[in-house]
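Chains E and P, in that order, give the protein sequences. The working numbering numbers the first residue of the first sequence as 1 and each following residue consecutively. The working numbering numbers the first residue of the second sequence as 1 and each following residue consecutively.
In short, the hints are calculated from the structure, not lab data. Ideal placement from N, C-alpha and C gives every residue a C-beta, glycine not left out. There's no promise every hint is true.
Below, in silico cross-link-like pairs of lysine-lysine (BS3-like), each with a Cα-Cα straight-line distance of 25 Å or less [to be verified]:
{"id": "1", "chain 1": "E", "residue 1": "173", "chain 2": "E", "residue 2": "337"}
{"id": "2", "chain 1": "E", "residue 1": "125", "chain 2": "E", "residue 2": "268"}
{"id": "3", "chain 1": "E", "residue 1": "337", "chain 2": "P", "residue 2": "263"}
{"id": "4", "chain 1": "E", "residue 1": "404", "chain 2": "P", "residue 2": "263"}
{"id": "5", "chain 1": "E", "residue 1": "12", "chain 2": "P", "residue 2": "11"}
{"id": "6", "chain 1": "P", "residue 1": "73", "chain 2": "P", "residue 2": "197"}
{"id": "7", "chain 1": "E", "residue 1": "404", "chain 2": "P", "residue 2": "10"}
{"id": "8", "chain 1": "E", "residue 1": "8", "chain 2": "P", "residue 2": "10"}
{"id": "9", "chain 1": "P", "residue 1": "60", "chain 2": "E", "residue 2": "337"}
{"id": "10", "chain 1": "E", "residue 1": "268", "chain 2": "E", "residue 2": "179"}
{"id": "11", "chain 1": "E", "residue 1": "8", "chain 2": "P", "residue 2": "11"}
{"id": "12", "chain 1": "P", "residue 1": "73", "chain 2": "E", "residue 2": "427"}
{"id": "13", "chain 1": "E", "residue 1": "430", "chain 2": "E", "residue 2": "192"}
Pair ranges (Cβ atoms, derived) [claimed, not checked]:
{"id": "14", "chain 1": "P", "residue 1": "225", "chain 2": "E", "residue 2": "438", "range": "53 to 61 Å"}
{"id": "15", "chain 1": "E", "residue 1": "139", "chain 2": "P", "residue 2": "225", "range": "53 to 61 Å"}
{"id": "16", "chain 1": "E", "residue 1": "288", "chain 2": "P", "residue 2": "225", "range": "42 to 50 Å"}
{"id": "17", "chain 1": "P", "residue 1": "112", "chain 2": "E", "residue 2": "75", "range": "32 to 40 Å"}
{"id": "18", "chain 1": "P", "residue 1": "21", "chain 2": "E", "residue 2": "69", "range": "51 to 59 Å"}
{"id": "19", "chain 1": "E", "residue 1": "288", "chain 2": "P", "residue 2": "204", "range": "45 to 53 Å"}
{"id": "20", "chain 1": "P", "residue 1": "225", "chain 2": "E", "residue 2": "354", "range": "54 to 62 Å"}
{"id": "21", "chain 1": "E", "residue 1": "383", "chain 2": "P", "residue 2": "131", "range": "53 to 61 Å"}
{"id": "22", "chain 1": "P", "residue 1": "143", "chain 2": "E", "residue 2": "76", "range": "31 to 39 Å"}
{"id": "23", "chain 1": "E", "residue 1": "343", "chain 2": "P", "residue 2": "21", "range": "48 to 56 Å"}
Which bits of chain P does chain E cover? Going by a derived footprint, with three or more residues having C-beta under 8 Å, they are [stated by the list, open to error]:
{"id": "24", "region": "11-25"}
{"id": "25", "region": "44-51"}
{"id": "26", "region": "208-221"}
{"id": "27", "region": "242-248"}
{"id": "28", "region": "255-263"}
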Amino acid sequence: MRKMFNVKAIAKTLWISIVVIVIVVAAVGVYIYTSQPAKPERLIKIAWTEGPEFDFIADHLDEFEDETGITVEFLTIPRAHIVERLMLEMLSPTPSIDGSIVYVLEEPTLAATGGLVNLYDYKPKSQWISEGFYESQLNILEINGELYYVPSLWNGALLLFYRTDLFADATLKAAFKAKYGYDLAVPSTPEKLLDAAQFFSKKEYNGKQDYIGIHLQLTTTEMGSGAYTIYPPLAAYYGGGIYNATTGQILCNSTGSVEALEYLIDLKNCAQDSCLEDGTFEAERAVMAGNVSGTELAMADQWSYMYPMLPDATKPWNISMRPFPQGPDMLGIAILKNSPKKDYVWEFVRWTSSAEIVKGTTLATPKAACRSDVADDPEVSSNYWVDKILDSYGRVMPITPVIKDARSTEIYEKMMLRLGEAFTGSKTAKQALDALYEDIATIVQY
Amino acid sequence: MRIFYGWHLKKEAMFGILLVMPAFIILAIVYLFPLVYDIDLSLSRWNLAPPSPKEFIGLKNYVDQFSDETFQKVLYNSLFFTGVSVPCEFFLGLALALLLNKNIRGKSVIITILALPMMIAPVIAALTWRWIYDSNFGILDFFLNQFFGIRPLWLSDPNIAMYSVIIADVWITAPFMMLILYAGLQMIPTERYEAAKVDGASSWQMFRYVTLPSLKGVLIVALMVRTNDALTKLFDVVYVITEGGPAYATEVLPTYAYKVGLKFFRLGAGAAISIITLLIAAMMIVAILRASRGR
Chain E
1 MRKMFNVKAI AKTLWISIVV IVIVVAAVGV YIYTSQPAKP ERLIKIAWTE GPEFDFIADH
61 LDEFEDETGI TVEFLTIPRA HIVERLMLEM LSPTPSIDGS IVYVLEEPTL AATGGLVNLY
121 DYKPKSQWIS EGFYESQLNI LEINGELYYV PSLWNGALLL FYRTDLFADA TLKAAFKAKY
181 GYDLAVPSTP EKLLDAAQFF SKKEYNGKQD YIGIHLQLTT TEMGSGAYTI YPPLAAYYGG
241 GIYNATTGQI LCNSTGSVEA LEYLIDLKNC AQDSCLEDGT FEAERAVMAG NVSGTELAMA
301 DQWSYMYPML PDATKPWNIS MRPFPQGPDM LGIAILKNSP KKDYVWEFVR WTSSAEIVKG
361 TTLATPKAAC RSDVADDPEV SSNYWVDKIL DSYGRVMPIT PVIKDARSTE IYEKMMLRLG
421 EAFTGSKTAK QALDALYEDI ATIVQY
Chain P
1 MRIFYGWHLK KEAMFGILLV MPAFIILAIV YLFPLVYDID LSLSRWNLAP PSPKEFIGLK
61 NYVDQFSDET FQKVLYNSLF FTGVSVPCEF FLGLALALLL NKNIRGKSVI ITILALPMMI
121 APVIAALTWR WIYDSNFGIL DFFLNQFFGI RPLWLSDPNI AMYSVIIADV WITAPFMMLI
181 LYAGLQMIPT ERYEAAKVDG ASSWQMFRYV TLPSLKGVLI VALMVRTNDA LTKLFDVVYV
241 ITEGGPAYAT EVLPTYAYKV GLKFFRLGAG AAISIITLLI AAMMIVAILR ASRGR
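Construct the entire structure; sequences and hints are all you get.
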């Protein structure tokens with residue numbers, strides 16, 4: 001065997017081969033890298049997502065590039081995963097992106113890393129306000145006196161969608177008056193909303209025709225929709241809350257919070273069976289078809305962006321002010337502190353928050369304008385939905401701020417878990433919120 | 001070659017070591033280093049929200065996790081999933097392999113069709129199942145409603161959701177079992193069956209006394225691989241179908257480790273969960289090996 005194989009020679013050949021292969025691969029890699037066409041110096045990369053507002057900006061991007069000479073490259077990331085991606089970019093001394101969309105729920109967690117630029121360094125608060133930005137909205141977004149983005153992209157409101165034919169039906173009106181003692185009208189308070197939902201739901205009506213009282217999105221797995229948008233504002237409305245980051249007080253198992261969750265469970269019992277599963281697509285379909293799996297739908301708690309779809313719906317709908325408060329649905333562009341092109345990203349932020357662009361994104365899908373000059377613009381103010389949105393989103397019903405704590409993401413996640421336990425009946429409302437109290441008490445120790 | 005005092009390395013051994021050295025170096029970089037770093041992280045407290053410096057805290061992360069109600073629920077989910085899905089995959093794979101071991105016309109085509117689920121990216125398969133389970137648009141509830149008047153909430157009922165995930169996972173992974181066991185069956189010499197026939201053995205006796213013992217080695221390997229995968233690699237199916245909901249009813253160790261480490265940014269706690277997962281998987285594999293040697 002030893003005479004057949006010269007061991008030393010084989011080993012030597014093997015090692016030389018490996019070294020040669022490594023050198024060749026490295027050389028090819030260097031050649032490919034250096035032969036790439038040079039990227040423009042004034043190029044910024046922005047983490048982006050999809051939707052009509054983003055399409056509007058993309059369609060007008062050449063105007064920005066002509067004006068400033070800055071080229072913008074979008075990196076599309078699902079909004080629900082922006083935090084994971086952005087967090088690592090902010091910690092990197094050489095981030096691969098220069099700016100990113102940021103959502104209000106995750107802003108406290110991202111801001112706590114110190115990786116976002118304070119926009120007041122570029123433009124003081126007084127100047128933002130004098131330009132027309134609503135101070136109340138800026139206050140919602142401010143964290144420790146710093147502003148990281150303005151809600152120039154998303155600022156949607158939840159509205160009450162209701163079936164005009166059902167609310168005008170004489171038989172139903174008479175039955176409602178007989179049962180509740182007052183006239184059936186579009187609900188303007190949580191109590192009247194529950195009455196109407198219970199009346200229309202198959203459990204309360206006389207059984208001749210089934211209805212689903214209200215379409216709710218109570219998904220507990222997706223931040224920014226579902227249970228988050230409904231419960232915390234309700235808890236605040238009833239005098240409770242979740243967690244006050246300023247005082248450190250945990251409010252989730254207060255009397256008002258428990259009352260709010262018990263109310264929500266009663267409302268859930270009037271909703272579609274799949275309310276813990278449904279997403280926004282299912283909600284759109286339910287409203288457009290006027291039913292859920294064949295059962296007629298009487299009301300829906302849904303986003304203002306759906307209003308333009310209503311003329312194409314198979315049943316007649318209208319919108320009204322949401323009968324209880326909501327949280328902010330604010331999304332805008334933030335600048336990464338580690339980016340060497342901060343000033344270029346600021347130009348992009350300045351342009352996307354200009355009156356002309358904000359007007360375009362406001363009209364792209366119905367939402368609350370972040371600037372008063374846009375809200376007062378005849379082309380915007382003439383829209384039917386403007387007053388309904390403004391009433392729902394701060395003018396009549398207050399906007400309930402988010403928890404401004406670095407651990408807000410985890411606190412909301414635990415809230416979703418405990419709400420899910422209450423909604424599915426594995427815990428009572430009090431038990432679920434007591435458990436949430438313990439969760440938050442543990443989290444804030446980290 | 002003299003390595004240590006009194007310990008000579010033969011030239012053949014030296015040659016072998018040199019041959020595997022490049023692979024070992026790569027393994028050390030991509031496997032050992034992250035594992036050691038992960039263990040170090042699991043013994044530390046390092047949060048990014050808010051940022052805090054990394055500090056050694058010993059086994060506190062492990063103690064905190066085991067005393068956390070949510071972790072206990074997640075651990076139970078993982079063990080339940082493994083305990084149900086692996087036997088389901090095994091028996092389904094074995095049944096299919098035994099059927100395919102017969103002389104059937106068009107066997108190769110049938111094998112290819114049955115193996116298709118394994119060839120689809122798990123994310124795509126999971127997304128397909130999510131649409132199948134959808135209570136409003138899903139084909140499953142459509143037919144169940146048409147014929148039986150029922151419409152189960154496959155994804156939002158906490159009593160059912162885990163089974164929904166298990167069914168999807170079994171559909172994806174049973175072909176793997178089938179192929180491994182089929183290969184094992186093909187290696188069994190036919191003389192054993194002939195001898196058993198001559199001795200008057202029934203089909204069940206042939207299966208019990210010839211097939212199973214002959215398949216033992218292959219069975220052990222298949223069970224070890226699937227048990228490990230069910231515990232440590234179950235991420236995409238759960239994440240796509242239910243995202244761990246409703247109310248953590250389908251949250252498993254890998255998805256929870258991701259959530260704690262990369263959504264809550266408690267790196268030390270996330271690392272501890274991943275090490276716990278690894279240790280549980282190792283214990284189960286050792287248990288399978290010991291059980292197989294016991295007979």
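Outcome of the hint check:
About 59 Å separates the Cα atoms of residue 173 of chain E and residue 337 of chain E, which puts this hinted pair outside 25 Å; it is violated. About 42 Å separates the Cα atoms of residue 125 of chain E and residue 268 of chain E, which puts this hinted pair outside 25 Å; it is violated. For the suggested pair residue 337 of chain E and residue 263 of chain P, the alpha carbons sit about 21 Å apart, so the restraint of at most 25 Å is met. Between residue 404 of chain E and residue 263 of chain P the CA atoms are separated by roughly 17 Å; this keeps the pair inside 25 Å, and the hint holds.
Taking the CA atoms of residue 12 of chain E and residue 11 of chain P, the gap is near 14 Å; set against the 25 Å cutoff, the hint holds. Between residue 73 of chain P and residue 197 of chain P the CA atoms are separated by roughly 51 Å; this puts the pair beyond 25 Å, and the hint is violated. Only pairs whose Cα atoms come within 25 Å are accepted, and residue 404 of chain E paired with residue 10 of chain P is rejected, the gap being roughly 67 Å. Among the hinted pairs, residue 8 of chain E with residue 10 of chain P is consistent with the structure: their alpha-carbon atoms are about 13 Å apart, no more than 25 Å.
About 34 Å separates the Cα atoms of residue 60 of chain P and residue 337 of chain E, which puts this hinted pair outside 25 Å; it is violated. Of the supplied pair hints, the one linking residue 268 of chain E and residue 179 of chain E holds, its CA atoms being roughly 21 Å apart against a limit of 25 Å. With a CA separation close to 9 Å, the supplied pair residue 8 of chain E and residue 11 of chain P stays within the 25 Å bound. Simply put, residue 73 of chain P and residue 427 of chain E have alpha-carbon atoms about 15 Å apart, close enough for the 25 Å limit, and the pair holds.
A C-alpha spacing of about 24 Å is found between residue 430 of chain E and residue 192 of chain E, which places the hinted pair at or below 25 Å, so the restraint holds. Checked against the hint of 53 to 61 Å, the C-beta distance between residue 225 of chain P and residue 438 of chain E comes to roughly 39 Å, which is inconsistent with it. Between residue 139 of chain E and residue 225 of chain P the CB atoms are about 56 Å apart, so this pair conforms to the stated range of 53 to 61 Å. One distance hint, 42 to 50 Å for the beta-carbon pair residue 288 of chain E and residue 225 of chain P, holds here, with the actual separation near 47 Å.
Separated by about 39 Å at the C-beta atoms, residue 112 of chain P and residue 75 of chain E satisfy the suggested range of 32 to 40 Å. The given range of 51 to 59 Å is respected by residue 21 of chain P and residue 69 of chain E, whose C-beta atoms sit roughly 54 Å from each other. Taking the beta carbon of each, residue 288 of chain E and residue 204 of chain P are about 58 Å apart, not inside 45 to 53 Å as hinted. Checked against the hint of 54 to 62 Å, the pair residue 225 of chain P and residue 354 of chain E passes, with Cβ atoms roughly 58 Å apart.
The supplied range of 53 to 61 Å is broken by residue 383 of chain E and residue 131 of chain P, whose beta-carbon atoms lie about 35 Å from each other. At roughly 36 Å, the beta-carbon separation of residue 143 of chain P and residue 76 of chain E lies within the given 31 to 39 Å, and the hint holds. Distance hint check: the CB atoms of residue 343 of chain E and residue 21 of chain P are about 51 Å apart, consistent with the given range 48 to 56 Å. Counting residues of the region 11-25 of chain P whose beta carbon lies closer than 8 Å to any beta carbon of chain E gives 7, which meets the minimum of three for the stated coverage.
Judged by the Cβ-Cβ criterion of 8 Å, the region 44-51 of chain P is covered by chain E as claimed, because 5 of its residues qualify and three suffice. Counting residues of the region 208-221 of chain P whose C-beta lies closer than 8 Å to any C-beta of chain E gives 0; at least three are required, and the coverage claim is violated. Coverage of the region 242-248 of chain P by chain E holds [criterion: at least 3 residues with CB-CB distance below 8 Å; count 7]. Under a criterion of three residues with beta carbons nearer than 8 Å to beta carbons of chain E, the stated coverage of the region 255-263 of chain P is upheld, 3 such residues being counted.
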